[in-house]
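Produce the complete structure using the sequences and hints provided.
Residue numbers (my numbering), protein chains in the order written: chain B, 1 to 459; chain S, 1 to 434.
A hint or two may mislead.
Residues from chain S that face chain B, not an exhaustive set, calculated with beta carbons under 10 Å [as the list claims (entries may be wrong)]: (1) MET22; (2) GLY25; (3) CYS27; (4) VAL30; (5) ALA49; (6) CYS53; (7) ARG68; (8) ASP70; (9) ASN81; (10) PRO83; (11) SER84.
Simulated from the structure, these hints should not be mistaken for laboratory data.
Note that the structure is predicted; figures quoted are calculated from it, not measured.
Beta carbons are placed, not taken as given, at the ideal position from N, Cα and C, and that holds for glycine.
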Amino acid sequence: MSNHLSQKFEEIVGTGNVLASEVDRHNYAYDAAVLPPQLPALAVRPETPEALGRVVKTCNELGLPLTVRGSGTNLSGGTIPSEGGVVVLTGALNKIIEINEADMYAVVQTGVVTAKFAAEVAKRGLFYPPDPGSQAVSTMGGNVAENAGGLRGLKYGVTKDYVMGMSFYDVDGELVKTGSRTVKCVTGMNLHGLMVGSEGTLGVFNEIILKLVPPPKASKAMMAIFDDLGKASETVAAIIAAKIVPATLEYMDDFTIKTVEDFAHAGLPTDAKALLLIEVDGHPAQVEDEAAEVEAICKRVGATRIQVAKDAVERNKVWEARRAALSALARVRPTTVLEDATVPRSKIPAMVGALEKIAEKYKLTIGTFGHAGDGNLHPTILTDKRDHAEFTRVEAAIDEIFDVALSLGGTLSGEHGIGMAKSKYMVKEVGQGSIMYAKRLKAALDPKNILNPGKITGA
Amino acid sequence: MSEMRQLVGLLKQIDDQLVACMRCGMCQAVCPIYAETGLEGHVARGKIALLECLADEVIKDPAGVKERLDACLLCGSCQANCPSGVKALDIFFKARAFLTGYYGLPPVKRAIFRGLLQNPKLFDTVLGVASKFQGLFTKPVNDMLGSSCARVFSDLIGGRHFAPLADKPLHDVATQRDTPRGHSGLKIAFFYGCVVDKMFPRIGEAVLKVCDHHGVGVFMPHAQACCGIPALSSGDRETFEKLVALNMKVFAESDFDVLVTPCATCTSTIKKIWPLMAEDLPATTRYQVKELSAKVKDVSAFLIQDVGVTPADVAVSGEPVTVTYHDPCHLKKSLGISAEPRALIGCNPRYKLQEMEGADSCCGSGGSFTLQHYDLSKRIGKRKRDNIVATGAAVAATSCPACMLQIGDMLSQAGDTLAIRHPVEIYAETLAGR
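What follows is the structure, given as structure tokens:
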């Protein structure tokens with residue numbers, strides 16, 4: 001059976017591009033989410049758009065579940081395949097087709113690595129702002145499918161704010177085109193809007209048209225240190241209330257600060273209760289003004305100390321500390337569960353307080369850091385998945401984290417997606433009507449339910 | 001089947017290390033093999049996942065796992081870039097030993113490791129004889145690089161352009177010595193390593209010349225044995241342990257301040273791998289290993305940090321020679337040494353350093369990796385070659401003789417006429433008595 005299947009796909013993508021051995025199947029059974037792996041029947045790697053379309057069509061004809069995988073960095077299980085399904089690898093579809101400086105857009109294939117794309121764009125004096133933590137390896141297709149965010153989300157938005165259009169394959173292998181290379185385009189239904197964040201459940205991306213912007217001319221970074229959590233979150237609110245939108249406004253709790261300092265010796269104040277890392281960017285004059293004002297607000301609301309980066313080296317130091325956060329936490333215990341519950345900015349103190357209580361209640365270690373400016377927190381549970389009793393408490397804690405986030409008017413996911421990990425909570429956030437609507441939509445577009453089944457709305 | 005149980009049991013010993021991998025995939029950004037193949041089984045995360053599956057008995061195919069595990073340069077890029085601090089190299093060395101224990105060592109490797117490497121004198125003799133007759137089987141192809149290729153097809157050599165065995169190895173041109181501390185007040189033990197001894201004795205001579213010039217005492221015994229990395233990479237822990245013991249006999253009781261090597265691979269093996277893999281050795285040996293590994297240093301690091309060499313006062317006429325420097329993985333990624341070799345090159349005012357793109361990306365050698373996966377090795381090496389040539393440099397410098405072999409092969413095959421030098425050779429050119 002599986003031999004026959006391999007042959008069928010080999011005819012489309014060539015012998016070297018069908019991976020069906022036992023080790024290969026196990027290698028494409030997981031992603032970065034802490035979830036059990038599921039063994040696919042095989043993985044295929046199309047090298048051309050035509051082959052990609054034929055792979056999709058063949059899967060549909062055979063009723064085989066299909067999961068598209070870029071670099072497999074998904075944190076919600078969106079790239080964990082269905083048992084016995086097909087994993088479609090986009091690694092060979094990695095061309096940057098066009099970077100248009102005059103009209104400030106780019107066209108890419110789905111397998112282009114985010115950081116490489118951003119670097120190519122920067123070489124032409126332009127800027128692609130979305131910067132997910134996994135950008136060094138994650139792919140553009142994955143970013144669009146998950147609507148990935150990043151540190152710059154507060155001012156520059158997330159992936160969806162940069163998708164101008166795309167082409168994708170429907171289950172019959174027909175190429176669907178949506179959007180355009182123009183800034184304005186209201187031709188037809190906003191299908192690319194529908195595709196962003198659809199986690200591979202509605203179509204298979206081919207090419208994506210992305211908006212580019214001019215890079216900021218100047219930037220200034222600072223670190224504000226607080227001995228009180230409330231004051232840190234009030235400062236976030238006060239900065240926004242002063243009509244200043246920093247490019248980044250990051251938060252780190254005391255546990256994270258201590259762990260980062262132990263690991264990276266970045267010179268962080270280990271007696272602080274919370275830290276804010278703030279960067280403003282834009283026109284040099286505006287940056288000077290805003291940085292001064294942010295500094296004044298921090299002082300007024302109650303920062304015990306503020307360190308303003310004098311030059312690029314000091315600026316880098318500020319961000320090194322932030323970048324080290326996950327690394328440092330990840331080394332404390334074997335298993336790291338990184339969540340991304342998100343609340344309205346004004347609710348950050350309530351959320352942080354609730355996280356402290358949850359950690360205590362379930363006897364867990366939770367370090368919290370994240371994007372305070374946009375309310376996107378990363379409570380990071382440090383555990384050992386082999387300790388079943390503890391892991392059961394972890395699962396209960398996660399349930400409660402989402403309950404709290406929702407009760408505060410927040411959302412299940414700021415940037416990681418729903419995937420398999422959070423589909424069970426979906427109804428709590430959007431209600432039964434929305435689930436049914438999405439299911440009917442999917443049933444119409446994908447009658448055999450082959451496109452990444454089980455993701456977002458569950459089975 | 002009972003052997004399978006044993007293998008599973010061994011893998012369980014490293015379970016704590018395996019489980020530390022959180023599957024984030026950041027290793028994909030820096031893995032030279034993954035950059036070529038894009039296969040999950042070729043990157044650290046994928047290999048660790050497979051080992052976990054094997055340990056959990058979910059996978060029944062240890063051969064498949066071994067094949068993936070062997071497709072690795074052991075360059076350590078993944079480990080250096082891992083957010084969770086997964087000790088990928090520890091895992092791979094141990095797992096290779098377990099799997100080799102399960103499958104046994106292939107006959108050719110058994111003959112080389114156990115027959116030759118474990119008997120340094122015989123090893124010297126055999127290669128000494130081989131160097132006399134190599135002209136019958138090989139022919140020079142590139143005078144500048146001094147490379148050769150096979151006259152008739154040979155399985156081992158294939159289409160390679162390799163540095164021939166030296167007419168006279170270092171241990172023939174330089175007698176054993178044990179000179180006292182001079183005006184530097186320092187004394188080194190000189191661990192020259194197999195490739196320098198047998199293929200690049202000129203590097204060893206440069207080290208000795210520099211030491212003499214700076215009044216550094218040198219203890220250089222000829223009975224020293226291979227550092228053991230070729231055997232260990234192939235999972236032959238038995239040979240590795242014997243070689244460590246042989247070296248202990250020679251070096252452990254002697255009086256010196258620093259154990260100096262001109263080979264990045266030897267340095268990193270002695271510094272990191274010896275203590276890591278010495279856990280089964282007797283307690284006294286373990287202690288000695290720890291002491292010795294604390295003393296080992298790359299020759300550039302030694303000269304810059306300890307001797308304090310400064311730019312030489314030599315006459316410069318005409319345009320300086322452009323040189324570009326390749327960071328061996330074993331020096332930069334494993335030991336964090338990248339400034340010192342450049343500083344040493346900078347001590348020769350006749351040279352001008354021109355950085356290449358990706359100076360610290362692997363050249364694709366990986367020791368015996370290049371023998372087993374020549375095609376992949378060549379693809380990685382080709383990128384390195386292109387980056388070197390793009391600098392317009394006349395000289396490619398690096399601190400690892402294995403990298404020199406690989407880079408030499410790549411340049412020679414492309415018909416480039418660059419010279420390959422070790423930083424210590426470039427520095428030695430400034431000293432009197434040239």
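Supplied contact hint for ASN81(S), tested at 10 Å Cβ to chain B: Check passed: Cβ of ASN81(S) comes within 9 Å of chain B, closer than 10 Å.
Hold the hint about ASP70(S) up to the distance rule: shortest CB distance to chain B must be less than 10 Å. For ASP70(S), the interface hint is violated, since the closest Cβ of chain B sits about 12 Å away, which is over 10 Å.
Classify the hint on MET22(S) as holds or violated, based on whether any CB of chain B lies nearer than 10 Å to its CB. With Cβ-Cβ at 5 Å, under 10 Å, it holds.
At a threshold of 10 Å, is the proposed contact between VAL30(S) and chain B supported by beta-carbon distances? Where the cut-off is 10 Å and the nearest Cβ of chain B is about 8 Å from VAL30(S), the hint holds.
Have a go at the ALA49(S) hint: is there a Cβ in chain B nearer than 10 Å to its own Cβ? Holds, because the Cβ-Cβ distance from ALA49(S) to chain B comes to roughly 6 Å (cut-off 10 Å).
Restraint: CYS53(S) near chain B, CB-CB cut 10 Å. Satisfied or not? Since chain B brings a Cβ to about 5 Å from CYS53(S), closer than 10 Å, the hint holds.
Hint check: is the beta carbon of GLY25(S) less than 10 Å from a beta carbon of chain B? The hint holds - GLY25(S) has a Cβ within 10 Å of chain B, the shortest such distance being about 5 Å.
May I ask you to test the interface hint for CYS27(S) with respect to chain B, counting a Cβ-Cβ separation under 10 Å as satisfied? Interface hint status for CYS27(S): holds (8 Å vs cutoff 10 Å).
How about ARG68(S): closest beta carbon in chain B under 10 Å, or not? 6 Å, holds
Minimum beta-carbon distance criterion (10 Å), PRO83(S) to chain B: Since the shortest Cβ distance to chain B is 4 Å, the answer is holds.
The hint names SER84(S) as touching chain B; please verify it with the least Cβ-Cβ distance against 10 Å. Because about 4 Å separates SER84(S) from the closest Cβ in chain B, which is inside the 10 Å limit, the hint holds.
In summary, the one numbered hint that this structure violates is 8.
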